[in-house]
Each structure stands twice: as C-alpha cells, then as structure tokens.
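Please put together the full structure from these sequences, using the hints given.
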Amino acid sequence: MSIATASQEALAYKIQGEPNINDMVITVATANGSGSQTSNNVLMRSIFRMGVPCNGKNMFPSNIQGLPTWFTIRVSKDGWIGRRRDADILVCMNPDSVVNDIARVRKGAVVIHEESLKIDPTRDDLICYSVPFKKMVAEVCPNAKLRKLVVNMIYVGVCCELFGIDLEIAKDALSKELKGKAKAIELNKPALEAGAVWARENLTKSDNLRVEAMPGHTDGKIIINGNEASALGALYGGCTVLTWYPITPSSSLCEALIDFMEEFRVEGDGKKTFTHIQGEDEIASVGIAIGAAWAGARAMTATSGPGISLMAEFIGLAYFAEIPVVIGDVARGAPSTGMPTRTMQSDLISCYFNSHGDTKHPVIIPGSVKECFELYCESFNIAEQLQCPVFVLTDLDLGMNNWPSDPFDMPTAPINRGKVLDEEAFKKIEKWGRYKDVDGDAIGYRTLPGSFQGGAYFTRGTSHDEYSNYSEDDRVWVANLDRLARKLETARAMMPKAIVDGAGAKKGVIAFGTSDFSIKEVLKRLRAEGKEVDYLRMRALPVGKDVLDFIRAHDEVMIVEQNHDAQMRMILRDELPEFAAKMQSLRQYDGLPLAVETVYEGLVDWL
Amino acid sequence: MVESNVPPSSPAPKKEPKTNRLGFERKVYEGSKSTLCIGCGHDLITRFLIDSLWENGVPPHTVAKMSGIGCSSKTPAYFLSESWGFNSVHGRMPAIATGANAANKYLHNVGISGDGDTGSIGMGQFVHMVRRNPQCVYVVENNGVYGLTKGQFSATAEKGAKLKTGAVNDFHSIDLCAMALVLGCGFVARAFSGNMKQMKQVMRAAAAYPGMALVDVISPCVTFNNFDHSKHGFAYMKDHEEVVNQFGFVQNMENIETEMEPGEAKDVQFPDGSMIRFNALRDDHDPTDKQSALDLLLKHYEAGEILTGLVYVNPQTPSFAEVNNTVDTPLATLPAEKTRPNAQVLQTIMNRYE
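Sequence order for the protein chains is X and R.
Going by the numbering used here, the first sequence opens with residue 1, and the numbers climb by one from there.
Going by the numbering used here, the second sequence opens with residue 1, and the numbers climb by one from there.
Hint data in this document are derived by calculation from the structure and do not stem from the laboratory.
Accuracy of the hints is not assured; some may be wrong.
[Claimed, not checked] Straight-line C-alpha distance at most 30 Å; calculated DSBU-like pairs for lysine-lysine:
hint	chain 1	residue 1	chain 2	residue 2
1	X	Lys427	R	Lys27
2	R	Lys338	X	Lys427
3	R	Lys200	R	Lys299
4	X	Lys427	R	Lys150
5	X	Lys436	R	Lys27
6	X	Lys431	R	Lys200
7	X	Lys77	X	Lys189
8	X	Lys370	X	Lys431
9	R	Lys338	X	Lys419
10	R	Lys150	X	Lys370
11	X	Lys531	X	Lys520
12	X	Lys145	X	Lys189
13	X	Lys118	X	Lys176
14	X	Lys189	X	Lys179
15	R	Lys18	R	Lys150
16	X	Lys431	R	Lys150
17	R	Lys27	X	Lys428
18	R	Lys18	X	Lys436
19	X	Lys135	X	Lys181
20	X	Lys77	X	Lys545
21	X	Lys271	R	Lys338
22	X	Lys14	X	Lys531
23	X	Lys135	X	Lys145
24	X	Lys134	X	Lys118
25	X	Lys221	R	Lys33
26	X	Lys118	X	Lys179
27	X	Lys419	X	Lys271
28	X	Lys107	X	Lys145
29	X	Lys189	X	Lys176
30	R	Lys200	X	Lys427
31	X	Lys272	R	Lys338
32	X	Lys545	X	Lys506
33	X	Lys419	X	Lys221
Below you can see the structure in the form of structure tokens.
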C-alpha cells in the first residue's frame, strides 16, 4: 500500500461504515467571481454556529473572474484546523474543473454534482448525488442574469439536508453574510430552501457523514482572517503612517487597516491621527515609511515576496542609519512572480538577511490569527526600541483564510517609543552622539527632526562615526559594524519566545508559522500510538537561546517548513554548525497549506 | 585697488552683524566646508539657499534637508548645520521627503537632487511627488552630467552633447520644468547659478510656497561638462539664457520695498501672506497661465535657449498636508491615547467577527 493511502488509513478518515460525526472535509469547486464566496461562507458559518469547530480555506486562481476556484471546509469535532489533503465530500459546480476534480478525489468520496455533468464511469467507488442545479435555479430565480450568482446557494441547501446542518441556522447565517440587505436575502433564500427541499424529496443518503450540534463549543469564538487580525494589531500598536502598494496577498491587510483607521482614528472635527499612502511602487512605499519614521511617526508597510526584493536597498539604509520601521510580509508562492494566490514560507532568508552587505534583521513569525494581532501590535515597540527594520512574516494561508479563534485581548504592554530625547533630556547630556553606545546595548539615543534647537544630526547611509559625521576611517567603520552586530544580540533577547511542547524525548520537531496546525494534530495521534516526540514552534529570528537549547537537548530534530530549500534549517545550521548533522528536514512546497498527511508520512517512520 | 601703507588714524566703526527677524546672524544658517571642486555651480546654489532661508527667517531647527546621492546630494552638509539632514539613496529623496511631511507637516523641507538623481533613477518618484505635492523646496542641481561617478551623461544632457571622451548623446533630453508643469506642479522655476539676483528671489519664493516648489538650476560642472558647446556650461548659458520674467518676493511681515513698479505688475499671494510681484511681464506669458508656460518652455527648448525665471506659479494647488487633513499635533508626537483605541472599541470590533 502506498504511503499516501497508508496515512489516510492511519489517520482514519472514513466515509462508510459507522456514522462519522463532525469529522469531514467538504470541497466546493466553483468558478471565481460567481458569488460562490457567499455560499461557501454561509455553509461554513452554519456549521460553526451549531457549535462544531470548523474552518474554511480558499484556493483561488490568480485571476478576477471565470477560472476554477475551490473552497474547502474542514469540520473537526476535536478542533483540528490543519489542512487535510483529501476531500471527503466534493461539490462539483464547475464544469471546467470537474474532470480533474473527479480524477484527484479520494477513493470512496461523496460527490454532489450538477445532473448534466458526466462523472467518469471508472470511478465507481464514489458515492454520487446527482442534483438538477440548473433546472432548480431557473425555477427559483426568474431573472436569468442573476442565476449565476444564486445557483451556489442551492448546494448549501442540499448539504444542509444531506449532512444534517440546521437549515434555520443556515438562513440566519445567510442573513448575516448578506449584512441584512433585504433584496439580496430575497434573492438567495429561495435557492437555499429549494436545495434542502429537493434533497429531502429525492435523495437517499448512502454515506456516513453527519454534522451534529455541539452546543456551547464555539460560543464566544470569532472567525477572522490573518490579514484583518494583523491590521487590528497594527491599529492597537499605534501605527500612525501606513504605506503600501497593492500586491496579493498583502493588499487586504492594508485595506483592513485603512478601514479601521478611517473608522476609529478620526477626531470629532474630521481630522485624522494617521495618514495612509498608496505608494507608486514598493520602493516608494518603504521609503515613505522610512522618511516618516525618521521624522518620528510609527510607520509600517506591508507587501509580499516581490516587494521585499524591491525594498532591499531602502531596508539596508534603515538598517545602517538605524531607523525603526515595521515591514509586513505575507508570503506566497515564490520565487519570482511565482504563484500569487498560493501559500509558501518562502521569504525567511530574504527577510532575515535582506539587503547587500552584512545585514540581519529581527523577523517575527506569528502562528495563529491571535498572534497576528498580538505580534503586529508588539512589533512597533520592538522596532522603536531597537531602532531598526522589523519584519512580521506570515503567509497567504494565514493571511487570507478565515480562522476560528478566541477573541483578542487588549494589549497590556504600553506603547514604548524607545530612546527618543526631548529638549530637557538632551540638555542633561554632556556630549551627545546619535550612535554612541552609552547603555551597553548597542542602541543610541535619537532626536526627532523639528523638535528643538540644538538637537540636529545628519542621517546617512554612508559610513559614519558616533556623531553621525561622515567618516572613511577604518577603525570607525569596524566599530560601527561591530556595534550593529551587537544590536542583534540585544534583539535576540527581546523577540517573542518559542512555544515548547514536551521535554525529555530523544527526538524533537521544530517548525514555525502555519505549520503548527497540522503538526499539533499529527503529534497527538503519534503520541497516542506510543511515539515520544517533543515540539518547538519558533516565533522569531534571530534564533533564541531556547531554540538552541532544544536542539542541543535532542539526538535529532526534524525541521518542518513550507519551502523548497529548507531555509530555516540553513539558518539553524549556521547558528549551531556542530549539530548540523542532527537537523533533518521535512518540506512541503506545493503552494498548498501543510497537510496533516505530509506531516504524518514524514514523521511516522522517523520516530 | 590701491594699497595704502598709511595706518588708519582710528579703527573703523565696528559693524553690527545683520540679523534676521529671529535675531539670527547668517552664519547660523551655514554648514560645513564644501568638498566640491573649486568653481562648482552647486556651491553658489548652497550660498543662495542659505541667504534665502536666513532672509525668510525660517528657524533652522525646523528645516529638514534631504537629498539622494550625487555631488548635488552632498550639499546639505554645507548648509544649515542646525537642521536635521538625511542623505538617503539615489533617486529616492522624494519618498523620504513625502514621509517626513506626513509625519510632521510643520517641517520646512528642502530637497536637494541632481539631474541623474531626479532625471534617471528618480524619475518615477519625482512624478509622484509632484502629484502628491508635499511642501518642499525641490532643487535640481542640473549640470547635464554624472559628476560623482566621473562624467557619464545624464538624461538632461542635450541631444548631440559631447563628453571629454568624445562620446555623444543620441537621446532627447528631459525638460524637468515642462514635465512638472504637465504633472500639475504649482511652482515651476528654472534658475542659473550665474544669475545670482534671480536665484535668490526664486529661492525665497520657493521657501514660502506651501507645496512642492521645483527649482531646476543650471549649475555647470567645471570638471566634466563646462565646454563652450555644452548647454549646461557657463559660456552657453551666458549667451542663451532667456529670462522669462522679473519678479520680487515679498515676505509676509516685510515692508514692500522692492524695486518693482506696480504699473505692469502682477501680484500672486501665498497662503502665508507673502507675495510675488511680477514685473515687466512679457506679452506672451502670464506666469499664472499654465498653457503659455508650457508653450514658452517648448518653444525655447527648440530654439536652443534656456528659459529661466519663475515660469509658473499657482498657490491654490492643495498641498499634501491639506489633503491628509491630520490633527494639529504632528503624527510623530501623538500620545498613545490618540493612537491606540480603547477596550470598548476592541470589543465592538470583536463582536463583528462572531
């Protein structure tokens, strides 16, 4: 038996036999731009409101309208939200992708399809429900032009009936999704009801998949995507200047922040406590953020891989002139233009070592929507205390998909502007120099342009001494480079600590970011099978002492990441070259979120 | 001058140093010694920048002086040592200036650039800075050549221009003033470092302008591009400069003591109360008429003449600060209460995601 099938078996996702309650994956294949997002969200939220943990992932093409797109809902009574490789239920609404969809669907899957679509007869293992969507939508939607937008709601009704999803809850969810707009609800509700009625009258259930209410289980939880959570974090981090250039998948982070700012940061007289600037490109965007930060604003920009490459020169300037700036990177399929609508952990090296010369920057790596909020918020404090660029690195999976979470809490750490001198403090200093290491942490004191007479200094990307005077003296140059390297050591202790699960096993897993969801699930299963393994999730670079200690304490570590070249392993091997041989690598780099099966297959024989 | 070997019978009366309205002597506005080549046009520009900011009575600590990379971009070190300076990266001073203006709209920005810094690598950022119109005296120290990297052509070099090496420029030159006009710039001026009286008036007016004031200064490079045939050289400029208008700049709070006669004058008022009085207007050009400004620039370009003066001014163009409509306190110094929303707001937002 192939390892792929073996893992499916081992992970026990069964479609026939004993009832499988609240443990399934539904994939809906539609065309993008066809209103499918509304239907998909209604289905997912209905399940969620029954108290059943679930989440949804979008697999969308790099296109505006008309190409195949897939929405996958994972329903998991145990609350697992990592991606499963295979769908148990496939809803085929798109004739353009049906052949491929059927070819790839797992053995024995449930297929709900438009009656007129022919299903490959060699797939006699499938449980097919043939539904006359086209005929039904003509009946419930007299206006032919709108049928395309309404037809997807019929599948929601069918699923409600087939799998036991509460139709009244679905109607509520529809109302909420359409923001109470009467006309839109009037258009969609009949389709939802028609689907359920038709299924009840015409279909005989022959699969074992059911959704049953778990009252109270999802009470108080929110569903939010990582970009919205990040934007909220920046809002609560006191960001005053946002710059950006549109790029998938970071645009929605900036747009969300703009919306929050326009709603919550405008005074009574209409004046604003922020400025947002859409730059003409990423170079201008990061440059404007740096100019603003130099003048004292809390500035950030957000982009994806290609933007990070463009920004490199300015980032080197901010590094060398020691200007705080937060740079968000929502990573996608790379290299080059790559796959703009797919996920990868592709930018670790390009963020950490960004720019020419010996540069290394703090990189913060959230692993959940809650951490997007908390860590974006904290990133401004870190950047201003360290006086350097700070990257916050997420990915498309986290940024653009909706995740369940506990609600976010008010940040406890106050806003910390770092070492900024006002006139009073300045006058107490005998001979101030912008880059003097007076405290031993390699961080100098800065003054803000325009603040008071006598406080001026000259900022430059060229070699400078402690007073920021131009200097080509070799000793001055060396001292400055050494101090900047020491600053990274100060940073090491300030970064978010790793999260460690377990101790004392001979082997350990190391991962970061969105890999967490699938790893947690697989480790639970493996431990239940008697395997011993510890797990550490990194949340930042430079590598913390806790990570180095973890590696030292284990015979072997498996570093799991979603890129081709094992970038985190490269960084870790560089930190601990004497332990390079014990660092194994497990990678998935197909542009899809890390699958539980990948983790299981990668760990089961190793452990 | 005849030297006298007769000692003076009494010491000359001690001259009171001149001070501006802030009580500062001119030397407060000076910077370090220039390291540019002797005779460099840029040093004259520096001199007039110092003069104009001193005479306008701008507090030095409120000036932000920014530049890109190049010989011109070195000059911020040579004026206003009491001002914060930022020598950034090649072609990207506009981003820094825009950001500084966003963070603190009270800074008086002076951006120094060159024809390579603006006309080549910086062309994109220049365009968008004009569009956004943040306050800034934007000086292009234009010599038709890349001085700091030792003599390559810049994009403002005229077609047919020849270098020391014999290389010839085959391409059309960029007219930054015409470009800025088309892009909506509200203050377009060209000067020549050899026409000092005009340069000072231009600089003073530029420093009072509420948005981006482009001052394209033909500033000969004595080392790489001062041949008799170079359009950016002293000799050519002396023979082919065409002054578009005479004008005087009147600072608000100053008495109107210009030499200009009100007769043929046209006054343009700035929001801060200062004023430009145009005199000896030509028949073919009203400096508030964009179309005629453009026509004139193009006509003179074709004829191989360099039009100088305040070619176009419109004080009504909304500045970046006006558009951004921020609170009176600079964003840079807002307290946490103004930037971090409270717990109620967070709860309201959380409720939306349930």
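Each hint tested on the structure:
For the suggested pair Lys427/X and Lys27/R, the alpha carbons sit about 23 Å apart, so the restraint of at most 30 Å is met. For the suggested pair Lys338/R and Lys427/X, the alpha carbons sit about 28 Å apart, so the restraint of at most 30 Å is met. About 26 Å separates the Cα atoms of Lys200/R and Lys299/R, which keeps this hinted pair within 30 Å; it holds. A threshold of 30 Å between alpha carbons decides the hint, and for Lys427/X with Lys150/R the separation of about 44 Å lies outside it, so the pair is violated.
At roughly 28 Å between alpha-carbon atoms, Lys436/X and Lys27/R fall within 30 Å of each other, so this suggested pair holds. With a CA separation close to 36 Å, the supplied pair Lys431/X and Lys200/R exceeds the 30 Å bound. Of the supplied pair hints, the one linking Lys77/X and Lys189/X holds, its CA atoms being roughly 28 Å apart against a limit of 30 Å. Between Lys370/X and Lys431/X, the direct Cα distance comes to roughly 45 Å. Violation of the 30 Å bound is thereby established for this hinted pair.
For the hint linking Lys338/R to Lys419/X, the alpha-carbon distance of about 20 Å falls within 30 Å, and the restraint holds. For the proposed pair Lys150/R and Lys370/X, the alpha carbon gap of about 55 Å is over 30 Å, so the pair is violated. For the hint pairing Lys531/X with Lys520/X, the CA-to-CA distance comes to about 14 Å; that is within 30 Å, so the pair holds. A C-alpha spacing of about 17 Å is found between Lys145/X and Lys189/X, which places the hinted pair at or below 30 Å, so the restraint holds.
Among the hinted pairs, Lys118/X with Lys176/X is inconsistent with the structure: their alpha-carbon atoms are about 35 Å apart, more than 30 Å. For the hint linking Lys189/X to Lys179/X, the alpha-carbon distance of about 14 Å falls within 30 Å, and the restraint holds. About 40 Å separates the Cα atoms of Lys18/R and Lys150/R, which puts this hinted pair outside 30 Å; it is violated. A C-alpha spacing of about 38 Å is found between Lys431/X and Lys150/R, which places the hinted pair above 30 Å, so the restraint is violated.
The suggested pairing of Lys27/R with Lys428/X holds, with an alpha-carbon distance near 26 Å, which does not exceed 30 Å. With a C-alpha separation of about 37 Å, the suggested pairing of Lys18/R with Lys436/X is violated against the 30 Å cut-off. For the proposed pair Lys135/X and Lys181/X, the alpha carbon gap of about 26 Å is at most 30 Å, so the pair holds. Taking the CA atoms of Lys77/X and Lys545/X, the gap is about 37 Å. The hint is violated against a cut of 30 Å.
Restraint check for Lys271/X and Lys338/R: the C-alpha separation of about 12 Å stays at or below 30 Å, so the hint holds. Proposed proximity of Lys14/X and Lys531/X is supported: the alpha carbons are some 23 Å apart, at most 30 Å. This hinted pair checks out: Lys135/X and Lys145/X have alpha carbons roughly 15 Å apart, not beyond 30 Å. Distance check on the hinted pair: Lys134/X and Lys118/X sit about 14 Å apart at the alpha-carbon level, within 30 Å; holds.
Restraint check: the Cα-Cα separation between Lys221/X and Lys33/R comes to about 65 Å, which exceeds 30 Å; the hinted pair is violated. Distance restraint check for Lys118/X and Lys179/X: the Cα-Cα separation of roughly 37 Å exceeds the 30 Å cut-off, and the hinted pair is therefore not satisfied. Between Lys419/X and Lys271/X the alpha-carbon distance is near 29 Å, which keeps this suggested pair within the 30 Å criterion. Of the pairs offered as hints, the one joining Lys107/X and Lys145/X is violated, with about 37 Å between alpha carbons and a cut-off of 30 Å exceeded.
Of the supplied pair hints, the one linking Lys189/X and Lys176/X holds, its CA atoms being roughly 12 Å apart against a limit of 30 Å. Proposed proximity of Lys200/R and Lys427/X is contradicted: the alpha carbons are some 36 Å apart, above 30 Å. Distance restraint check for Lys272/X and Lys338/R: the Cα-Cα separation of roughly 10 Å lies within the 30 Å cut-off, and the hinted pair is therefore satisfied. Under the criterion of a C-alpha separation no larger than 30 Å, the hint pairing Lys545/X with Lys506/X is consistent with the structure, at around 19 Å.
A threshold of 30 Å between alpha carbons decides the hint, and for Lys419/X with Lys221/X the separation of about 39 Å lies outside it, so the pair is violated.
When held up to the earlier numbered hints, the structure conflicts with 4, 6, 8, 10, 13, 15, 16, 18, 20, 25, 26, 28, 30 and 33 and fits the remainder.
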